[in-house]
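Chemist: The chain contents come next:
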Amino acid sequence: MQQYEPDLPNSVQLAAMRRAFKNRRPVVGRRSLLRAGGAGALGVGGLGVLSGCGIPPAARSEGGGASEDHSDQEKRVNFSNWTEYMDVDDKDKNRRPTLEAFTRRTGIKVKYAEDVNDNNEFFGKIKPQLAAGQDTGRDLICVTDWLAARLIRFGWAQKLDPANLPNAYANLAPQFRDVEWDPGRAYTYPWAGISVVVAYNIKATGGREVTSLSQLLDDPKLKGKVGILSEMRDSMGMVMLDMGKDPSKFTTDDFDAAAARLQKAVDKRQIRRFTGNDYTADLTKGDLAACLAWAGDVVQLQADNPDVRFHIPDSGYITGTDVLLVPNKARHKENAERLIDHYYQPKVAAELAAWINYVCPVAGVKEELAKISEEAANDPLIVPDKEMAEKSNSFRALTPKEETAYEAKFAQLTGA
Amino acid sequence: MTTLTEAPPAAPAPQTPAKAPRRRGRLTPYWLLLPGILWLLVFFALPMLYQASTSVQTGSLEAGYKVTWHFATYWDALAEYWPQFLTSILYAGLATLFCLLLGYPLAYLIAFRAGRWRNLVLILVIAPFFTSFLIRTLAWKTILADGGPVVGVLNSLHVLDVTSWLGMTEGDRILATPLAVVCGLTYNFLPFMILPLYTSLERIDPRLHEAAGDLYARPATTFRRITFPLSMPGVVSGTLLTFIPASGDYVNAQLLGSTSEKMVGNVIQSQFLTVLDYPTAAALSFILMAAILLMVTFYIRKSGTEDLV
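Protein sequence lines, in the order shown, are assigned to chains A and B.
Sequential numbering of the first sequence, starting at 1, is according to the UniProt record's numbering.
Sequential numbering of the second sequence, starting at 1, is according to the UniProt record's numbering.
Some hints here could point you the wrong way.
List time: in silico DSS-like cross-link candidates among lysine-lysine, alpha-carbon distance up to 25 Å [as the list claims (entries may be wrong)]:
(1) Lys66(B) with Lys221(A)
(2) Lys66(B) with Lys401(A)
(3) Lys66(B) with Lys285(A)
(4) Lys245(A) with Lys75(A)
(5) Lys159(A) with Lys223(A)
(6) Lys91(A) with Lys285(A)
(7) Lys66(B) with Lys125(A)
(8) Lys75(A) with Lys111(A)
(9) Lys347(A) with Lys127(A)
(10) Lys268(A) with Lys141(B)
(11) Lys223(A) with Lys203(A)
(12) Lys66(B) with Lys127(A)
(13) Lys302(B) with Lys223(A)
(14) Lys203(A) with Lys141(B)
(15) Lys285(A) with Lys268(A)
Quick caveat, the hints were computed from the structure, so don't treat them as lab data.
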């Protein structure tokens with residue numbers, strides 16, 4: 001890079017450079033400067049500085065979590081959510097009807113940011129502030145259950161006040177009530193449920209239906225055209241279900257067996273890629289013939305491309321949830337709680353569900369949804385019927401040690 | 001330019017009696033250096049130090065990380081992920097080679113033959129930079145799609161049989177194979193090759209070509225003896241500007257490759273973000289840095305400096 005000089009050197013400089021290289025000594029004392037700088041840095045900081053660093057424990061700091069609540073003085077709430085996870089007005093894309101209804105009803109202004117794009121990335125983003133006991137600038141965040149469990153474990157989430165959540169308490173669907181990582185929903189309320197299904201492009205499979213994980217991993221007709229999700233819990237959970245194990249209470253041996261099964265499929269080149277949300281493009285184009293997919297996406301994909309089909313395996317499916325929680329030191333906790341409660345009114349929930357197409361966690365939404373769209377109300381992917389609800393499974397909470405070990409094993413499967 | 005006619009630029013200033021201005025003059029270079037030094041300190045030296053420290057720490061997110069001088073992390077990381085290191089170096093090397101093969105003729109054309117189109121062509125070279133790196137890489141997924149025209153043509157010409165035999169593609173597809181990743185890398189880093197090549201080619205006095213012709217050199221000889229040696233600075237900086245970022249890249253392998261095309265950048269990313277094993281990730285970064293430094297030093301020693309002017 002040192003040789004790259006955009007400006008033409010004049011003849012004097014050229015001559016000087018030539019002299020320099022002939023004598024093997026640079027005209028500009030760059031090296032001596034570097035040497036001096038390096039020596040200085042070593043002298044001043046050196047190894048002492050190296051050992052001075054270190055990352056403080058993330059363990060719960062008692063009493064440090066709750067913050068002074070400014071909800072009464074400041075009628076505001078800062079809400080961080082995933083992209084395309086909120087209803088927008090058909091005519092004006094900048095207007096969000098359900099949020100506007102909240103502001104009209106309560107006088108609380110919502111600063112809505114679509115800045116959650118990936119759980120791991122988002123965790124990296126808010127970790128420094130939370131670890132240092134500082135305000136993240138966010139009053140309400142929407143993250144996937146396992147990340148919420150981690151935040152609760154670290155003591156980085158605030159306990160919600162049930163007094164502000166009457167609708168949420170009454171209307172939470174039974175399927176979502178009991179989670180071991182947040183007993184009694186003390187810290188979190190679901191925003192939407194995300195079911196994992198098997199999706200396929202009937203044109204790319206040559207008219208074959210794909211109905212099970214076994215077929216995804218073994219059918220030679222699908223070789224090199226199978227996608228698996230890069231979310232460890234979703235993919236491993238589905239494989240375990242296919243092997244007859246219960247993802248809500250599996251052992252490390254079960255996990256290893258499932259990993260070995262996936263590894264076999266990777267080794268024989270059955271699996272093309274481990275994908276995030278980007279599988280949607282590959283599936284519509286037919287580069288992926290079949291893959292694990294998130295049900296809400298499939299509902300939207302089918303609208304664009306009728307070749308995309310999905311199937312719910314007989315062995316069952318994994319439902320994860322994206323949940324709302326209030327991070328430590330948030331300035332407007334009560335406002336955030338009122339916003340959560342707002343979305344637990346069946347009418348508001350129906351408006352949201354009709355737009356985002358994911359499983360709605362609010363009981364009694366079906367009637368309201370039917371008023372907006374009969375089709376959506378009867379879609380078991382949005383409002384699960386009894387049979388669907390019975391097939392739903394959740395991935396159990398992991399201890400910190402397990403989490404690291406399993407993620408490492410899964411990362412190895414994906415090649416990194 | 002054979003003799004030095006002008007006076008050297010840094011001629012010592014004549015002695016001046018006034019003391020104060022001279023001292024200020026002496027300090028001026030340091031003041032001018034200050035912003036750069038500060039920038040390097042904050043955005044380069046401190047993060048490096050921090051990562052160096054992380055790489056020798058042990059612990060967990062729960063209990064915190066402490067510096068324990070656990071150098072075994074380096075060895076473990078290398079033992080476990082050496083295949084990804086090799087992949088990185090191989091793909092980056094291939095991409096650099098292809099960039100050179102594609103970029104040299106283009107740079108030559110822009111420098112000597114483009115005439116009044118020169119600026120337009122230069123802008124066309126840089127234009128892709130106006131869109132995001134991700135979008136440009138994603139575009140290759142469409143270009144190389146399994147049912148797409150490119151794959152169709154290459155298939156019917158049996159080119160893919162050859163690349164399959166070389167292990168660069170698999171069956172009748174390009175996406176999710178090494179070739180796709182190398183294509184993506186080549187495309188994304190091509191301008192970094194063309195621009196330095198262009199600047200060093202453009203600097204060559206065309207009269208040298210005429211002189212070579214006068215001395216009965218054939219065009220090929222002129223290129224071999226005059227043009228190419230004089231463009232060496234461009235070749236060296238171009239290859240470095242291509243190879244170094246390409247070997248650390250993870251986007252192309254992520255989007256265009258499959259599980260077996262993962263490069264070391266992907267490992268670092270997943271260790272940092274998903275597995276949350278910060279020491280291993282930091283150690284991998286340092287190993288990569290050391291490997292690149294080593295190769296680059298060797299390369300410059302071997303081919304660079306002698307032909308610099």
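Chemist: Taking only the CA atoms, is the gap from Lys302(B) to Lys223(A) under or equal to 25 Å?
Modeler: Judged against 25 Å, a Cα distance of about 46 Å means the pair is violated.
Chemist: For Lys159(A) and Lys223(A), compute the direct alpha-carbon distance and say whether it is at most 25 Å.
Modeler: violated, 48 Å
Chemist: Hey, Lys66(B) versus Lys221(A), does the alpha-carbon distance stay inside 25 Å?
Modeler: violated, 51 Å
Chemist: For a C-alpha distance cap of 25 Å, please report whether Lys91(A) and Lys285(A) respect it.
Modeler: Given pair Lys91(A), Lys285(A) is violated - Cα atoms ~29 Å apart, limit 25 Å.
Chemist: Does Lys268(A) pair with Lys141(B) here, judged by a C-alpha cut-off of 25 Å?
Modeler: holds, 23 Å
Chemist: Between Lys75(A) and Lys111(A), is the straight-line Cα distance small enough, at 25 Å or below?
Modeler: holds, 11 Å
Chemist: Would the pair Lys203(A) and Lys141(B) pass a check requiring their Cα atoms to be no farther apart than 25 Å?
Modeler: With a Cα-Cα distance of about 19 Å, the restraint between Lys203(A) and Lys141(B) holds, given a limit of 25 Å.
Chemist: Decide if the proposed pair is consistent with the structure: Lys66(B) and Lys125(A), CA atoms, cutoff 25 Å inclusive.
Modeler: Status holds; Cα separation ~22 Å.
Chemist: Next pair to validate is Lys66(B) with Lys401(A); report whether the Cα-Cα distance is within 25 Å.
Modeler: Judged against 25 Å, a Cα distance of about 17 Å means the pair holds.
Chemist: Lys347(A) and Lys127(A): Cα distance at most 25 Å?
Modeler: Since the Cα atoms of Lys347(A) and Lys127(A) sit roughly 35 Å apart, the hinted pair is violated (cutoff 25 Å).
Chemist: For the pair supplied as a hint, Lys245(A) and Lys75(A), confirm whether the alpha-carbon distance does not exceed 25 Å.
Modeler: violated, 49 Å
Chemist: Take a quick look at whether Lys223(A) and Lys203(A) sit within 25 Å of each other, Cα to Cα.
Modeler: holds, 15 Å
In terms of the numbered hints stated before, the structure departs from hints 1, 3, 4, 5, 6, 9 and 13, listed from lowest to highest.
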